[in-house]
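Residue numbers (my numbering), protein chains in the order written: chain W, 1 to 256; chain U, 1 to 376.
Calculated directly from the structure, the hints in this document are not laboratory data.
None of the values given here were measured: they were computed from a predicted structure.
There could be a bad hint or two in this list.
What the hints assert, rightly or not - If you anchor each label on the Cβ, the simulated ranges turn out as follows:
id : chain 1 : residue 1 : chain 2 : residue 2 : range
1  : W       : Asp-21    : U       : His-223   : 21 to 27 Å
2  : U       : Ser-60    : W       : Glu-255   : 29 to 35 Å
3  : W       : Ala-159   : U       : Arg-234   : 46 to 52 Å
4  : W       : Asp-21    : U       : Pro-122   : 36 to 42 Å
5  : W       : Gly-120   : U       : Glu-304   : 55 to 61 Å
Backbone N, C-alpha and C define an ideal beta-carbon position, used for all residues, glycine too.
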Amino acid sequence: MTTDTPAGARVIFQRPELLADRSTHYCPGCGHGVVHRLIAEVLGELGLGARTIAVAPVGCAVFAYDYIGVDFVEAPHGRAPAVATGIRRVRPDAFVLTYQGDGDLAAIGTAEIIHAAGRGELLTAVFVNNGIYGMTGGQMAPTTLLGQRSTSSPGGREAAFHGYPIPMTEMLAIMPGVAYAARGSVADAPAIGRTKQYLRRACEIQLEGRGFAIVEVISNCPVGWGMTPTESMERLREVVAKEYRPGVIVDRTKEA
Amino acid sequence: MTITTIPPTPLHHGHRVLMKGNEAMAEAAIRAGCDAYFGYPITPQAELLEWMARRMPEESRPFVQAESELGAITMALGAAATGARVLVSSSSPGISLMAEAMSYMAGAEIPMVLVNVMRGGPGLGGIGPSQADYFQATKGHGHGDYRVPVLAPSSIGEAMALMADAFELAEKYRTPVFILADGTLGQAMEPVELHFREPPRLAADWALTGADGRPPRVVKSMHLEPEDLEVHNRHLQAKFAEITAREVRWAGENLDGAELVIVAYGTAARVARTAIARARDDALRVGLFRPITLWPFPSAALAEVAARARGVLVVELSAGQMVEDVRLAIEGRTPVAFEGRTGGMVPTPGEVLDALRRLRGTTAGDAAEPTKEARP
Chain W
1 MTTDTPAGAR
11 VIFQRPELLA
21 DRSTHYCPGC
31 GHGVVHRLIA
41 EVLGELGLGA
51 RTIAVAPVGC
61 AVFAYDYIGV
71 DFVEAPHGRA
81 PAVATGIRRV
91 RPDAFVLTYQ
101 GDGDLAAIGT
111 AEIIHAAGRG
121 ELLTAVFVNN
131 GIYGMTGGQM
141 APTTLLGQRS
151 TSSPGGREAA
161 FHGYPIPMTE
171 MLAIMPGVAY
181 AARGSVADAP
191 AIGRTKQYLR
201 RACEIQLEGR
211 GFAIVEVISN
221 CPVGWGMTPT
231 ESMERLREVV
241 AKEYRPGVIV
251 DRTKEA
Chain U
1 MTITTIPPTP
11 LHHGHRVLMK
21 GNEAMAEAAI
31 RAGCDAYFGY
41 PITPQAELLE
51 WMARRMPEES
61 RPFVQAESEL
71 GAITMALGAA
81 ATGARVLVSS
91 SSPGISLMAE
101 AMSYMAGAEI
111 PMVLVNVMRG
121 GPGLGGIGPS
131 QADYFQATKG
141 HGHGDYRVPV
151 LAPSSIGEAM
161 ALMADAFELA
171 EKYRTPVFIL
181 ADGTLGQAME
191 PVELHFREPP
201 RLAADWALTG
211 ADGRPPRVVK
221 SMHLEPEDLE
231 VHNRHLQAKF
241 AEITAREVRW
251 AGENLDGAEL
261 VIVAYGTAAR
271 VARTAIARAR
281 DDALRVGLFR
291 PITLWPFPSA
301 ALAEVAARAR
311 GVLVVELSAG
321 QMVEDVRLAI
331 EGRTPVAFEG
341 RTGGMVPTPG
351 EVLDALRRLR
361 GTTAGDAAEP
371 TKEARP
């Protein structure tokens, strides 16, 4: 990318070097693109592009490797934290990042994320929670809110029938191997700014060797939710963020 | 209760020692340059994991006891994707869980060696020795159109030697490789002459090392466009054809002038050898054809051997699995009989001898005469 800057002007916003110069395959209004950009910004700012090995999930974000310019391996569904553990153990100098959605991390991959956290693996886990299986057509996820309609909970999620949403990040935060757990959001610019700070801290913690770090990012799925992008952002802010409250959930680097 | 640790044992190349199969395979892997081991406890392979738990840290190499076989094999997938030489071991029910990642690794062309110390099935089955996973190892494990080389040792010494060969094959062809052992090979102790070998490292211009001064690399098995996936699958099939053409291995014993031929691998071949010796008292000349690669199966060699015999007896610790490949190889030109036990039971040499006598009875004086002319 070249930027011809007129005399007296300065660049205040541009595509991060580690973000590919191409349109994504994500649906209009999807939050994944925002999270990809934040990761590209943070990795670039910390100078980690050349030593990062990232793990792509199964789900919409499997194509993360098409957009974020670092080495990537594709994990079987839910197994990204185990794949990342293998990388971590043989490549102590690598920066290792996992990217998972809520079906991947909170359903099929529950064992892998809990045990990677339990071992205190030096990993930075990014968990994008949009409360639905997007790629397969909008089915209910473990994180789907009570009352929320999906193609596999057409009358809305009922606790008595479908069970309760699983607060994965809070569950992980109680484990001593977890150095840092935070929840961000892509609902608006201030939330995105805070999310970037959480991601940056979760990366620094790996570099400092402090332990496992996870950042959940609550996001939207306009198509899966049956909403316009604007409506979905409204719901994210007014409904989802009330159940999955953004903020730092635990920071053991401060307790120490 | 006090837990005593096994004292360090100096294991020198060329020495003759008494070793348990599981431990011998583990040490052979270490000496073959295994960079990392990931496992999960399961009988009858647990001693392999335990040996690695002690020895890998001594060598300053990673050992992780994973949360499940799914975890173990995907840890291996991640480590191997960076170019590391990786070993995983399990037994039958655990291998079923690992089938998922085997498919991913075959698709993404990630080298790795997986040892299956087979036990009786189906389901939780039992913990006795078995060869009931032949179909699983040679025909499938995971989903999709793929094959992986399957090496079948029949002694602990051979298992040690095949470990280095397995890493070499895995890296040469960028593929997972199976070592298919059974509970007897894993649990038994026998004297072995130690022969360690560390295969040379190949340049891995695909491995994930961080995109430092080069474009980013992606190790993946997904190709969403049918046209792309077909191109990739054709590439894989060409590789499988090359392995089939170049890597077939088998061993023959007493095949010259053999009236009957036993086809058996692993522990079944050991039983067969005893039966063959006893058959000499019956003036029955029996040879042994022992496949070492179960895939690629030594079909052409077996067809040639079978054409010179009156009958073929397949002996397995299963209800009859490899026998299907034997029949495919022989294509009905020579009668094929089967003798097997299941569930952790092992055929006795006497049972095999009886099966040989029955086979001789049914084949005596039949249409095998013309093949005699082909004998050397």
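Next item on the list: Check the following: the C-beta atoms of Gly-120 (chain W) and Glu-304 (chain U) are separated by a distance inside 55 to 61 Å.
Entry: With Cβ atoms ~58 Å apart, the hint holds.
Next item on the list: Indicate whether the distance between the beta carbons of Asp-21 (chain W) and His-223 (chain U) respects the range 21 to 27 Å.
Entry: 23 Å, holds
Check: Does the hinted range 46 to 52 Å hold for Ala-159 (chain W) and Arg-234 (chain U) at CB?
Finding: Once the Cβ atoms are compared, 51 Å apart, the range 46 to 52 Å for Arg-234 (chain U) and Ala-159 (chain W) holds.
Check: So does Ser-60 (chain U) sit 29 to 35 Å from Glu-255 (chain W), Cβ to Cβ?
Finding: 31 Å, holds
Item checked: Hint check for Pro-122 (chain U) and Asp-21 (chain W) - Cβ pair distance inside 36 to 42 Å -> 53 Å Cβ-Cβ, so the 36 to 42 Å window is violated.
Checked against the numbered hints given earlier, this structure breaks only hint 4.
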